[in-house]
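Hints given; two lone chains; assemble the complex.
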Amino acid sequence: MVGNLLSVADLGAEGIEEVMAVTDSFVEVSERAIPKVPTLRGKTVVSLFYEDSTRTRLSFEAAAKRLSADTMNFAVSSSSVSKGESLRDTVQTIEAMGVDALIVRHCSAGVPWQISSWVDASVINAGDGWHEHPTQALLDCYTVRGKRGSLEGLRIAIVGDVKHSRVARSNVLAFALLGAEITLVAPPTLLPPSLDGWPVTVSHRIDDVLPKCDIVYLLRMQSERQSEALLPSLREYTARYGLTRARADLLQDDALVMHPGPMNRGVEIAADVAEFPCSVITRQVANGVAVRMAVLFLLLGASPNA
Amino acid sequence: MPDSIVVIRGGTVVDATGSRRADVLIRDDRIVAVESAVDPPGGATVLDAGGCIVAPGLVDLHAHLRQPGAEQAETVESGSRAAALGGYTAVVAMPNTNPAIDSAAVVREVQELAVTALCDVRVAGAITVGRKGEALSPLGEMADLGVKLFTDDGTGVQDSRLMRRALEYASALGVTLAQHCEDLSLAAGGQMNEGAWSSRLGLPGAPAQAEEVMLARDLALLRVTAGMGARMHFQHLSTEGSMDMVRAARAEGLPVTAEAAPHHFTLTDERVQSYDPVFKVNPPLRSARDVEAVKVALRAGTLDAIATDHAPHPQEDKERPFDQAAPGMVGLETALALAITELDLPIEQVLALMSWQPARIAGLEATQGNSFIEGSSANVCIFNAHETWLVDAATLASRSKNTPYDGMKLTGRVRHTVYEGEIVVKDAEAQR
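Chains as they are written, first to last, in our numbering: chain A, 3 to 308; chain B, 324 to 755.
Hints in this document: simulated from the structure, not taken from any laboratory.
Please read these numbers as outputs of a predicted model, since none were measured by experiment.
All clues stand as given, with none of them false.
Estimated spans, in silico, between C-beta atoms of each pair:
#	chain 1	residue 1	chain 2	residue 2	range
1	A	N266	B	E464	50 to 60 Å
2	A	A11	B	A689	49 to 59 Å
3	A	S79	B	Q672	51 to 61 Å
4	B	Q638	A	A288	40 to 50 Å
5	A	W120	B	D667	37 to 47 Å
6	A	Q228	B	G469	45 to 55 Å
7	B	Q596	A	K214	26 to 36 Å
8	B	A689	A	G86	43 to 53 Å
Yeah, the Cβ is synthetic: ideal placement off N, Cα and C, and Gly gets one too.
This is chain B alone, in the form it adopts within the complex (with noise of 0.2 Å):
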């Protein structure tokens, strides 16, 4: 049984309606007080929340939890822990997994899989069968079973009939297409950034055109699609001509929404000098320009969410001549902390970005980001904002230990987390 009852004590609770200094009463997965002194009732498990922000449990957008297909390198299990300590109380399952998650009965076993999860894990499912761009998903039976977002992530729909299709016939299920914008014949071969360091490096480059190709054409599908209720999530936008497409098709009022991933708010793609491809990511590191106009994106508002793309691989793959070597970072250990310490955003403003905005875009609205009012779920991220820490590869929950901060200083520590009024990191340890 999960603590019954928990008091979650001497913290600033931060919340979507502002800040305010409160004691926070739970009794299994509902919060039932929120008052500036709680006197913990008999049984109850306080959490020491004394300098700390308390605020609804973080959600990430893109994980890459590797099951079913790729256990050796994540499993929901370990992936949910790594999330916990982050502080996640919820992360949407990428389908890229093998098989991929394209049909009822793998969305299935990957819910079996999360009900013993650290947070909640919520399946997306793929638009196209086995990823491969060629013929639709049974998006209906895969959203029947709550699937509520679908993309082919770690590709993008390359067809342009088949993506104007996908959005004609998801926008009568309710449910959003994401996309990982890349224009394939453009980014062929592409191994980091195009540019001036790929240039030096003697390195095959990815055009930032690769990612706004498909951007632009997906927005112009759009154009043709909303008025029957199509919508899109755009996936790791990183560039300062992406940034530039969702600002105007905010301002033309087409239902989009963006994230970016803390990689590309946080390293240019001067750090593949070392040719350690721990640094190498897809999209790529880009320029010192596009991270600049990433950060102004997600303080203007222009971006709504902050997601973490988390990317486990072994060693194995990861430990290769650079154009060999498997894209993707680990990130649900680092994301807050990464924001706090390179945004200079006010943390309810943090918080908007990684907790309720993200929530109504996984369609969570229901269970988290939820402001802290008696009768909401139990989902809580209590977290030191000023706190400095050290990343330490070795020690991360993850099965993978492909994190490019290994030995960063970083700001922002979470100290406990609560998901579904289970105590499940208490004092920065899991507790499972």
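If we strip away everything but chain A, and leave its shape as in the complex, we get (with noise of 0.2 Å):
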């Protein structure tokens, strides 16, 4: 890997694998009484979160403390930005206080692009509006292949707001190129206007899908659906989409739940299925960790001065 990780596309299968690999000497590291290494002492990583996150900026932390890296928390509402700062303007500023790392999640997607074109730091992408969440895409296969070994061949069902997920977009081009089958389960209104290129089946119908499937992978329910009328009503959607007791009888003995977090018990998934041993989800947070490690090692770790 080098320079920045944008998109799941840049990583190819190899990547991919590489990333995993690494991953798994990084949870040792993570099982150790005092889980932190020297690899990245003298590294600066700075957080640059434009919009709202827990888990995932405290993972990176988490990662580039267990590095021995120096970390920065940029908080927007705090700084210059408020004072009408540019992005650019921001960005070249935190560059200049001299940084190897820019961990950077905004609303607007592409933003990771844009400022990779204004600084000469590794950027990662933690999240760029509706299109992609790369590191997302990489703890989830990792999850997967720690459970069944391999992803290929295996039948993911993704269900949910598929049209404004980012989660979605990296997790389909990640299981793809890992040969997983991939079947979209969503009401037309949150499916992308086009599928033309996506390595997808779609169904409408949950109930015939959750039957055949390895995995049932559930996205975030958001309740501003309604009041774009992609939805009659949450309601509605848990009737026809959520992962409900009942329809958690559907699911083969040895299939596994995922959801990215935070999740909507009650909407898209009922409570107490969350917390069944087919579950994973918890799996997936504690898995962020350590893939994030990987991914700032194979990042910072290999350059010259390291």
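So, in structure tokens, the structure goes:
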């Protein structure tokens, strides 16, 4: 891996495998009494989050700290951004302080690409608008691999608001690169306007899909979707697409339930289903730190002044 | 004083009557002789047109000159300089200024600025007060000042009843209503063309139907108002469906004209994958299929004009996250070369689309797009149709540099432009 991590597509299947192989060794580090290695000592990693986030920001911070990198947090609300500073001026100001990597979350698709054209530091996309969230896809692949050995030939159903989901876009790319068969399950209003070139099939009937899938990946359903005439109501969404207690019985015995968080219990997933043994949702979070350590290591650890 | 005597020597004259080898003698603001060889009289300035086309000056139906209100982006003067360098001798300035050109007072303000411009700058007036789509502007008082084209460009008139009333009212004034076709409820939030690319890039799309729904509505309204004398011009049409509708409307005999912008026959929505907001424009860059349909429509005469939709924006408004950046591209200095490079049309047809046809739509046929005969206005564009050049955004005369063609090699270069007998561009350099 060189330079930046902007899209899953930049990695390819080999790149994903490389991240997962490195992740294995960092999982071992995470399990130590003192889960810290000196690998990135002297490196500075800045989190530039223009959008609220708990798990991704903390996960990257934990990953950087376990690698002994210096971390800085950029809080948009208390910064010169609120004084009208442009994105470019902000990132160039931060870079001038000497940083090795910028971890960027922004509500506008494409911002990490723009930033990477303005700075020399490595840019890691931690979620851009509806577009991509590559480290989420990597930790999801790692989680599946841990449970099933490989993604090759697995049938994965991605259920919910694909249209507005960066997680779905990155995961479709990653799952397909690793050989899984993907079915998108959503009402037509919550699918992208065109699926030309997407390696997926589509279903509007979750009850038909659940008995035939190895993994059901639920997306977060936001309540705003009701006001945009995309859904009659969340109640109807849950009735037709939610993983209710009754629907969980349709799953095969060894099927896995995944969710990128934060969950809306009672909407896309019933509260008790989230606690079932088949649910690997907390495993995903735990793997997130090790995967992000691998990403930081691959981007920063191999440079000449490491 | 402008050069009082100019001889354009060695070129091929092309106008609505055809093409021939001829020299052109200009005295003051008139063409006084068009002959196979003109001996320059004493004191004459000679423009070398060897290997060049000598054509009526180009006419742009659609330029945003940003004055009053956004002088950091463009002024009437800088915009007219860019126009002259692009071979234009007339441009129609859009009314989405601040304040909007929606009253006699603002029309007069822009007309005064236009007095010293490097080309004929005509004003388009707003159809509705403040371009808000709520109440009719004083179309009559603006028409009395010579305004011939009205539009709320930047947005379309959303209210169907108001649009019908505007057509009825305007029919008595002998003016043309022009529409920026965009149904805002369908286009809401759209940052690029809705389709395969918007789906992949995770950007909200504006569907082709946002344009087509309003075009279809306006054609329906025209069916009930055309008998009264109403006529319409459709701006920057960009979709295959729009081309089909205009073709059908013409066959039906409706009084419609239509234009397309150079970026809609040269660039597709695939360009947005760089997330560079220089590719953000409204209507958005469309699919390859739409681009092909626009080309076909230009070749077949379905469309009457190539209009630039020259939309200057300063760097600070463009260098932003894609969904926060201002939409629009500058176009006056590249339009002719793009038409020559991309359309594969005989030069006569390119000029019909860029000079005499738009001159008629703008109501400027008395002085613009004229054929080269004794006594006609000396508005002339002289260009080499084979010369290649590299677009360099930094050297554009426009105050804004937001061209999507930076670094591209184009064929067709304006050498000289003569506006009302004055040499405003010589050897591709503005003279003032």
